[in-house]
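*Asks:* Below, each chain spelled out in residue letters.
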Amino acid sequence: MTQIKSRGTVNIATERCKGCELCIPVCKPEVLRMSTNRNKLGMRYPELLPGCTGCTACLLMCPDFCFEVYRYQEPILHEVDV
Amino acid sequence: MSSGSDILQTDAPPSQPAEKLCAFKPDLLLSEDHHLCPGCGEPIAVRMMLEAIKELECSRRAVGVIGIGCYTALTGIIDTDLVQALHGRAPSVATGTKRMLPNGLVYTLQGDGDMVNEGLQEVIHSAARGENITCILLNNGVFGETGGHMTASTVVGQRTKNTIDGRDAKEHGQPILISEMLAQLSGTAYVARCGVFNASQTVHTKRILRKAFQTQLDGKGFSFVEILTMCPTGWFVPVPEGPDYLENVLGSVHKLGELKCE
Amino acid sequence: MTRVLMEGSEAMAKAAIAAGCRFFSGYPMTPFTETLEYFGKHLPDVGGVSINAESELEAIGMAWGALATGARAATGSTGQGLALMQESLSEITRAELPLVYFNMARGQGDYYQATRGGGHGDYRNIVLAPIDVNEAVELTQLAFYLADLWRNPVQIYGDYLLAHTNETVEISTMEFPPLPPKDWAVDGSLGGTGKSRNINPIGMSKLKHEIEPEAFWRRLHVKHKEIEQAEARYEEEFLEGAEMLVVAFGTVARFVRYVVREMRSEGIAVGYIRPITLWPFPYEAISNAAQNTQKVAVLEQNGGQMIDDVRLAVLGSAPVVALGGFSSDEAGFGIGPIHGTDNIRDRIEHGLAGQEVMP
Ligand SMILES: Cc1ncc(C[n+]2csc(CCOP(=O)(O)OP(=O)(O)O)c2C)c(N)n1
Ligand code: SF4
Ligand code: SF4
Ligand code: SF4
Ligand SMILES: [Mg+2]
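Protein chains in written order, with the working numbering: chain A, 990 to 1071; chain B, 132 to 393; chain C, 41 to 399.
Careful: at least some of the hints might be erroneous.
To be verified - Computed list of lysine-lysine pairs in DSS-like fashion (alpha-carbon distance at most 25 angstroms, straight line):
1) B:342 <-> B:292
2) B:151 <-> A:994
3) B:185 <-> C:246
4) B:337 <-> B:301
5) A:1017 <-> B:151
6) C:265 <-> C:235
7) C:81 <-> C:54
8) B:337 <-> B:351
9) C:235 <-> B:185
10) A:1017 <-> B:292
11) B:351 <-> B:185
12) B:151 <-> B:391
Unchecked claim - Okay, the calculated beta carbon distance ranges per label pair:
13) B:158 <-> A:1025: 27 to 37 angstroms
14) C:218 <-> B:334: 43 to 53 angstroms
15) B:251 <-> C:268: 23 to 33 angstroms
16) B:295 <-> C:221: 53 to 63 angstroms
If you're looking for bench data, these hints aren't it; they were derived computationally from the structure.
C-beta atoms are modelled at their ideal positions from N, C-alpha and C, and glycine is treated no differently.
Required output: the full structure, derived from the provided sequences and hints.
*Replies:* This is the structure:
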């Protein structure tokens, strides 16, 4: 077990995600990955893992305005299996 | 404290105290919904443009003159005053608008098909006159809207519907590098090329747009921003590969940089 | 106000400025060039803008952009230049912008171009065809009023003769009924309010992604029907007891009117009717006049274009004969023997004798 800190987080409008994956490689801490489930459009969408920095890179690259980005006042700690 | 490698809940704003850094859409967009393709670069560029207008406190004086291409579909949600021009004709229309509205921030939004093909003389003449407007080119090297055909800015080797084996310089000629062309004219005050293929370049795009708009606000003359944008549909490449293709295939010919800043 | 001697081109441009025109863009072409020159010289005096556009395509685009701000704006050219402008003319009509444009034609061979147009879609432009410089001064001012009233382009169809004839004119701003405010015009001020404007020729408004072509075209059609009802203008003389009615327009009609007056004074039973608006065409007036005459003659300076509209008006109630034809100077500017009373009289006498005239 180890602790991972999230300084930020995102609110993802998965229902209008078109599954382009542009948000995935721009996330430096690599905390976004595509879902296995599909939304109503039939698309996979991004899911967030612990460790978001609130950098807004995903938002900047999303052509469909699916992200809202927040910075926590106090970082959130997550227990994860390594 | 949450536990495990669980996927975090992201279908609502966080419940813990947090500051919202950025909303889904820029203030000058009426809705997040549009019909452009997955992975299209145009909405990304338009976001930067609208944020730049807002940051310069020009929301209440901006008038956009829009060309015809995929971006035209965004006119329904762009919340600045707009004039829809004919294919290729936006710089002249913007000229008339700006002359009668000298305090307006007048911009055009055009694609490479619109600007570099159909309306090449319009942008060149407006630039040469030093018209105090800002022309914004979304260059994806294709007619996206008609389904991926060669434009005058398609790079050699690029596959399009009418250059199936790639643009062949012998048969189809060489692309026009419009920013380089316009930078030569003494009427232009600001010329820059950028691209939205990664987050830092996207932020840089906004910086460039702000400079171009500022050029106009300062009355310095014609400003021009060429933004390279992804069009995976018109390039026939897998959607996630769009940004790399843009950077390496188009970007190696249409080179990024500030070409002129007066 | 004193009357001054002025060339038609200058008089029209001056009348436009008197009517509040504050923007002009054009590209030189005979016989339109002098109109452009006058605007260039005198618009800046009243704080207006005149641009030497690099092409007709750009000239009309500039006027479009100026119109969008609510300014009174105009452009113009000759047949060839107007041919280049056709795409914009039809789209400006659909965008419902009040463009006024001068057509200083090389004769009357551009009647079809003026009334049918070469643009796409179901569109109509009002066309005013002055007979002389004095009427041109009035019709130019009327053009700006009608353009604003109907939010529709208006063309002034003149020619070399009109553009280059000197007449004494008095140009002062004419009074017209009040017009609604141009609340559709862009000035940027509604940005970010959710109510920003979109001046659009494809019937698409903000937050409505579906274009509704059918409803849009129908609405435009209804407006054009209303214009047809309200705006047809014509002049008529000696319809009473006329055996033959001569239909003519523009500067050619000036000679026709003169000859008809002369012939009437000699007791010859001819009458005269002149469409002042080529669109809307005065179908009803000509239709009524045709009921009381034996034949209708059309005297136009071309191979036969307006005659189609006359036939549509007459609808078989009287024979329609063509008395017009090609008539030009060597340079092709459209000044020819038809601009002379002898030539016109000869044509009308042929008509009375039941003979068509070869164009
Ligand atoms: C006069 C005219 N010719 C052709 C078209 C068809 N057309 C619509 S969009 C377009 C190409 C647009 O290309 P571009 O400006 O590069 O925009 P993109 O779709 O790539 O964003 C064409 C040729 C048109 N609308 N008008
Ligand atoms: S804000 Fe930055 S760190 Fe967080 S998910 Fe988006 S790209 Fe990744
Ligand atoms: S960039 Fe936007 S649309 Fe594309 S996969 Fe990510 S969230 Fe979905
Ligand atoms: S065709 Fe290309 S430019 Fe047009 S919406 Fe699709 S990806 Fe964007
Ligand atoms: Mg393109």
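*Asks:* Are the hints correct? Go through all of them and say.
*Replies:* Evaluation of the provided hints:
This hinted pair does not check out: residue 342 (chain B) and residue 292 (chain B) have alpha carbons roughly 36 angstroms apart, beyond 25 angstroms. Distance hint between residue 151 (chain B) and residue 994 (chain A) is fulfilled; the C-alpha atoms sit about 18 angstroms from each other, no more than 25 angstroms. Restraint check for residue 185 (chain B) and residue 246 (chain C): satisfied, since their Cα atoms lie roughly 19 angstroms apart, inside the 25 angstroms limit. Among the hinted pairs, residue 337 (chain B) with residue 301 (chain B) is inconsistent with the structure: their alpha-carbon atoms are about 37 angstroms apart, more than 25 angstroms.
Of the supplied pair hints, the one linking residue 1017 (chain A) and residue 151 (chain B) holds, its CA atoms being roughly 20 angstroms apart against a limit of 25 angstroms. At roughly 31 angstroms between alpha-carbon atoms, residue 265 (chain C) and residue 235 (chain C) are farther apart than 25 angstroms, so this suggested pair is violated. Simply put, residue 81 (chain C) and residue 54 (chain C) have alpha-carbon atoms about 11 angstroms apart, close enough for the 25 angstroms limit, and the pair holds. Taking the CA atoms of residue 337 (chain B) and residue 351 (chain B), the gap is near 19 angstroms; set against the 25 angstroms cutoff, the hint holds.
Taken as a hint, the residue 235 (chain C) and residue 185 (chain B) pair is honoured in the structure, with Cα atoms around 16 angstroms apart against an allowance of 25 angstroms. Restraint check for residue 1017 (chain A) and residue 292 (chain B): not satisfied, since their Cα atoms lie roughly 36 angstroms apart, outside the 25 angstroms limit. The suggested pairing of residue 351 (chain B) with residue 185 (chain B) holds, with an alpha-carbon distance near 21 angstroms, which does not exceed 25 angstroms. Restraint check for residue 151 (chain B) and residue 391 (chain B): not satisfied, since their Cα atoms lie roughly 36 angstroms apart, outside the 25 angstroms limit.
Between residue 158 (chain B) and residue 1025 (chain A) the beta carbons are some 35 angstroms apart, a value that agrees with the proposed interval 27 to 37 angstroms. The beta-carbon spacing between residue 218 (chain C) and residue 334 (chain B), approximately 52 angstroms, falls within the hinted interval of 43 to 53 angstroms. In this structure, residue 251 (chain B) and residue 268 (chain C) break the distance hint of 23 to 33 angstroms, their C-beta atoms being roughly 40 angstroms apart. The hinted range of 53 to 63 angstroms is satisfied by residue 295 (chain B) and residue 221 (chain C), whose Cβ atoms lie roughly 55 angstroms apart.
Hint compliance for this structure: hints 1, 4, 6, 10, 12, 15 are not met, and every other hint is.
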